[in-house]
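Chains D and S, in that order, give the protein sequences. Letter by letter, the first sequence follows residues 1 to 380 of our numbering. Letter by letter, the second sequence follows residues 1 to 539 of our numbering.
It is possible that part of the hints are untrue.
A partial selection of chain D residues facing chain S, derived with a Cβ cut-off under 10 angstroms [what the hints assert, rightly or not]:
hint, residue
1, Leu94
2, Ala149
3, Pro152
Hints listed in this document are in silico derivations from the structure and should not be mistaken for laboratory results. Glycine included, every Cβ here is placed at the ideal spot set by N, Cα and C.
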Amino acid sequence: MADVRIAGLSKSFHGTPVLRGVDLVVPSGALFAILGASGSGKTTLLRLLSGFERADSGAIEIDGRQVSGPGVHVPPEKRQVGYVSQEGSLFPHLSVAANVVFGLARSQRRDRLKAEALLESVGLPSSYARRGPHELSGGEQQRVALARALAPAPKLVLLDEPFSALDAALRIETRQAVAAILEAAGATALLVTHDQSEALSMGRQVAVLRDGVLAQVASPEILYRQPADAALAQFVGEAVLLPGLVAGGLATCALGRLELALPAPDGPVEVMVRPEQIRFEPRTSAGAARAQVLAVTYYGHDATIILSLDVEGRQVTTRVAGHMAPPQGAQAWLSVEGSVMAYPRIPPNIQIESGVPLATTISQKAPKGSFVQTVKETQE
Amino acid sequence: MSQVAGLTVAQGALGLGQRAEQAHRWGRAPAPLIGAAVLAAALVLLPILVTIVQAAGLSAKDAIDLLVRPLVGRLLINTVGLVVAASFTCAIIGTATAWLVERTDLPGRKVWAVLAAAPLAVPPFISSYAWVSLSNGLQDFAGALLVVTCAYYPLVYLPVAAALRGLDPAPEETARSLGYGAWGCFVRVVAPQLRPALYGGMLLVALDTLIEFGAFALLRFRTFTTELYAQYRTGLDGPESSLLALVLIALCLVCVVAELNVRGRARYSRVGSGVRRIAAPVRLGLTRWPALLAFAALTSATLGVPLGMIGYWLLQHAQAATSPVAPSLPLLFSATFASVSYGLAGAAAAVVLAAPLGYLTTRYPSRLSVILERIAYLAQGVPGIVVALAFISLTIETIRPLYQSAALLVVAYAILFLPFALVGVRSALAQVQPGLEEAARSLGLGWFGVTVRVLAPLAGPGIGAGAAMVFVFVVTELTTTLLLAPIGTRTLATEVWANTSTLAFAAAAPFAGMMLLISLLSTWLLARRFGAAVFPDGA
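Chain S on its own, in the form it takes in the complex (with noise of 0.2 angstroms):
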């Protein structure tokens, strides 16, 4: 699952910010949970700040100097190039789709909707690795541009798609009765509804695109991250790296602060209460099999050969392929068991974090809590690599026991993901009417039975999918696991690079099958168990 979907999605399906107004004036908020709150916010913005103090170390000539070069005119033009093909290629195939299931008589649409969405659950770094091992043609740019495409138009298909279920079908009507056809009407009438989701989608796409390391290293395509990464492993890591990184930061903070003003935005196209009338589906006639014919070969590229390569490769004897290593069962058991691990504890720690950032936010509400949410949810436009390297600089400098410890990891996860986390917690907490906690209170519970007696049975669900969505994340994460990971532990996501990078496709394949299976299955759990509340789509 792409680390940015679940949030917007789970916001816009959850009424995010309606309720926030509905919340009770409380009075002052103790000063411990202000405190708890700060420290969260203060989390996210320690990585940022500790980048900011290394570059400036530099002059501004050199500084200057460092960053006019060819160098990183060259990762400029890969990424940017990369993010707005992307972003476009998303946006056509996402919206395509999106109106073929939702407002066509296309035969099979309810299987195609899951079908649209799953590929989200497909981390980018193992659909590249199946690429990859498929053809050795898939390099550089187009390859890149593929697997972007594949993992990430989902983005743009799940808002677009909630979207055209919202729409009020009278003004189409409209439209047809004053003589237009399916496309005119489409053209002047629907897609101008659509905008808010389409670029609040294309946005998602590019932040994704710029935070994302794994996909690119394995296609040897250069960017931010993998030139950051490369500089690290060469040891060449300074005030030089912290100034690409601060570039690659800024890249992404225009992404998130432009995401959220169009959601702002959105809001009227995601109005859902009440009995709409549907539209009637558009008519395909013969184009239905031109188009099912997209379906399927888009199924194919986005699943068919991630699933398919890694059932190849785990078919091919060990030395059949180029493996140095043979995988044995106990190693993927305890990779497995790695990976299981830190998902949970990633979970729980990005959950600890939310608690009181949520409850404040939706007990308190103020200008500081306000602030602070705003600081929590920047965390999306801080790449892991940013991340990783600032912790590995602030913990060899300052506090050595940390480093490469289990416990930095896992904090690291937390900041990560703290966004999820925080939209479980808040929606959780909003839909819990402030007078049943009073009601427990003046029946003579403390703020302990309130939490255990009231909160936990009824927000525990809701916080339960954050966590479950940042559990998903955790295990499929690979670049802040690949440097921050205590040496020795090897999870799902480090094998499978580990055995790729040395062209061990068949010893990668029981790995990424593990890996994307527990994604999948989880994705699956969490869409079934929480539907609409996460899943627009119901997918």
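Chain D on its own, in the form it takes in the complex (with noise of 0.2 angstroms):
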């Protein structure tokens, strides 16, 4: 298994840049995870990493050997990189067994046992082995097209969405399966997925792609809790954004005085808190909130409540457990658990370029070298 390091990797279609300049360091042996909205490019640096596509210009390189680069382009087959589709693509016209077996050589496709040996470490029982992929459900199909990407024991394995095309209840238990899978293989493995719960459940490490570039690569609870802007916090989970004034460390807002996660210079900023951070208070409560409930979504097990601030009259969303939810219309007090973010707001006569985080705790315009250090430190 091998650490895989990709740097400077661009590549376009018919002229619309859809990389531009990609770096990043998978640890060996982790489930790396690369979360993306649609169009991100995700799904192109998966086929650059496989070999599908051909880089416009920057390297990989996996387990030391450049299989990327100016003038280099090992061909798929060379790579011993496994792949696992967002549809499974297994053989229609090969047995179960036969798909699991297929990247062996000759003469280990013959040995039934290893087929069988193989479906076992995916969890499926030895006799669907002699089953048409057609006869699997869709979860199983993702189970054998894993088996079969690991059988090669390739040194890197991608896997491009491969629960999306699963229902729900499918989705989770699968997706719990080829973690565990994964595991055990000591694999190192990239996911590909536009889910943010299943980038951060499955994930050791969460990369974030958007338009071509990486906006932050972290753990998920640093990617969950401080998330580099208001942006990726509203696209890595839900967000409430205030306006607010930082001044002494502290983040002023109409939920009141917050503590920052990290710190901020002193001025207007926009404050990021999540809505489960959001509490119920009695009455009495100092320093608490006063808020009006406009509407109550139930959930069973938990519940969306929207309210209407009284200061500035902004509206908040906050979640509490099913059973604690308040009747629409009442009264409430609010307070904040744990830390805030807090984003510099930009006077509006300062003109952004685009594409670039408004504020970033690891900037883009940092060198490569202090970029790929903030990955490493972010991972210990």
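Take each chain as given, in its own frame, and dock them per the hints.
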């Protein structure tokens, strides 16, 4: 199992840039998630890693071997990179067993026990060996596809939205199974997804790809708690954004004076609070912000409540356990639990280059070395 | 089976075109692939270019003098007159049969559906042989119209029947509720929706009539193709012949282009996904008896006469016929062997030409691939006689060793039937998801491994269907075989031709029977194996 180093990787299709200088180091033996909206270039990144596409510029190194770079393009079959696609792409003309051993040498393909062992490694009964791919459920097909990709012991496994074709219940179950299988195999794996909960729950590290550049690379917790900018905060989960002011290490906004998760310079800011940080307080509580319940959406296990703050009339959303949901129209007192993020507000007369985060804890303009450095720091 | 028939039918059924857009962007195509595809397209253009170059030897004034003269006028009147008449008779018969089979309670509809499509497997020159040997009176225009209508009305029947099946019955029900009877409903609601299928079918009839040679030669009906053949036989071929050939090519290309346009618009009538409500059949009542009678008459003319006449002549003793040579069993075997060998070689060559083109268009769609594909489909509009004459002059003048060689004949077959092989290759490859090839490559397989272990097993059957169609066409092909076959080579087609031209009908019968047997059998197997993929009516 190997580490993957990507430097300055760029790719455009018909003059439209899809990847614009991606730098990334994936440590060996980890499940790394790449999160991006559709069109962010995440599938292109995987296809460059697998060798299905040629990069315009930049370099890719897998296990110390350059597979892509100026004048270098190792074809996919010589890269030892496993690939699990969205739809699984099982060979419809072959049995499950023949699919699983497809990438092995001829002598190993004849060994029936080998196929059964591989099936068991992904939690499927060996009796499935003789079935056709169409006789399996979507989740089972993805497991077979994973077993097939892992069989030749690749240096790296790429998973391209492997769960998006599954229904919700099956998706969670298959996610957990795949994470466990990859862990057991000790494989270096790169998972691409547009689903933030998938990225957060599966990736040991998560890289967010936005408009062809990496917006942030961090552990799931850091990414969720300390997103690099407001837009990222809204992309990675729900966010309540309120105008505020930072002074003396505290942010003041309609919800009160709040502690900062990361230091921010004094001045006007946008304060980011996660809905579940907003707590209902008893009427008597000091420093609580008064609000009126506008709407309650009840989900059973929890409920989303939209409130209007008395100060400035701002609307905020909060989430509480289902049995705690207040009735519509009720008065409530709110406080914020934990620290919050503050993003400096840009005065309107300053033009900002598009695509560059407004404010970043990990700056895009920082030299490459320091960027990679940050990745390593956050993973420790 | 008629040449152009299977093509449209297969293209429609396999949803060609809709799938092309799904192709992955795969970056740039490798140079050898582009080279092979360009070569295939260039081969299709070669006969046309040779013909143009030869005609270019004439001065403009000579060319005009040669074109404006009674002979050309008569050929034009004969050819265009027959083409127009045949298109209309086929349109009427094809639409009527399709409507009766698809939309009424006619007894025995399933049997009639098969019998209505089956004449496609009877080569026109075989049915021409049957009619000529039945009666001397069937000559010239009337005979030609009869033979052509019998042979080609399924070209209208098949697409119109498919369109009728695909129609949503809701508008008809609405029309009925607004007070229209069955007939009014057909005219005002159904017929307009059938137009693309009908026009497409009529243009195919026109095209096939333009390029037909054997049937007209036997009926002594002069068209461009028979004239070109006569001029070649009498050694009068030269720039003048090339000029005639160009007129013929121009007529054909008009049909091909018009047909492609109609097909482009026809798509909506072919959408067949999902479960569709089936329209309630129209009750024929007492009119079912004349309808049944008409079907019986049609089947007698299209299938009964050819099969019956072949049977009749087979039972005649050699001396009872005007046969100079009694056909011997060994000769029948060797002719069958030659036909089948050429059929297999032609099918293989056509697939080899089509494979890179099909791979390019499905995997690396680009402006170039579209142009190359269109050129390949132009081959439909290049008559066999033009290809043969161009190849003869080309080989005599430049590559002498190839003249009258088996290799040249096989190449000619491959060019003529490239569109059919291409349809098979293209639709088969389009149905193999690119993700499968990528999965195989990420598992360590090179292009050869991918071809052998993924593409061949998955696309093989579809490509095989295309190859089988080419096989049938080659076995029943007459013109090119006659002109390009090496000296001494006797195939079923050339034997039928040789015997029939000398009125030795009994001697021709075994060869005609064998050819019909191969054609019907292959078509039946093809339809059974691939069903809706090849023949949407499931015939």
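Taking each numbered hint in turn, which are not upheld by the structure, reported in ascending numerical order?
none
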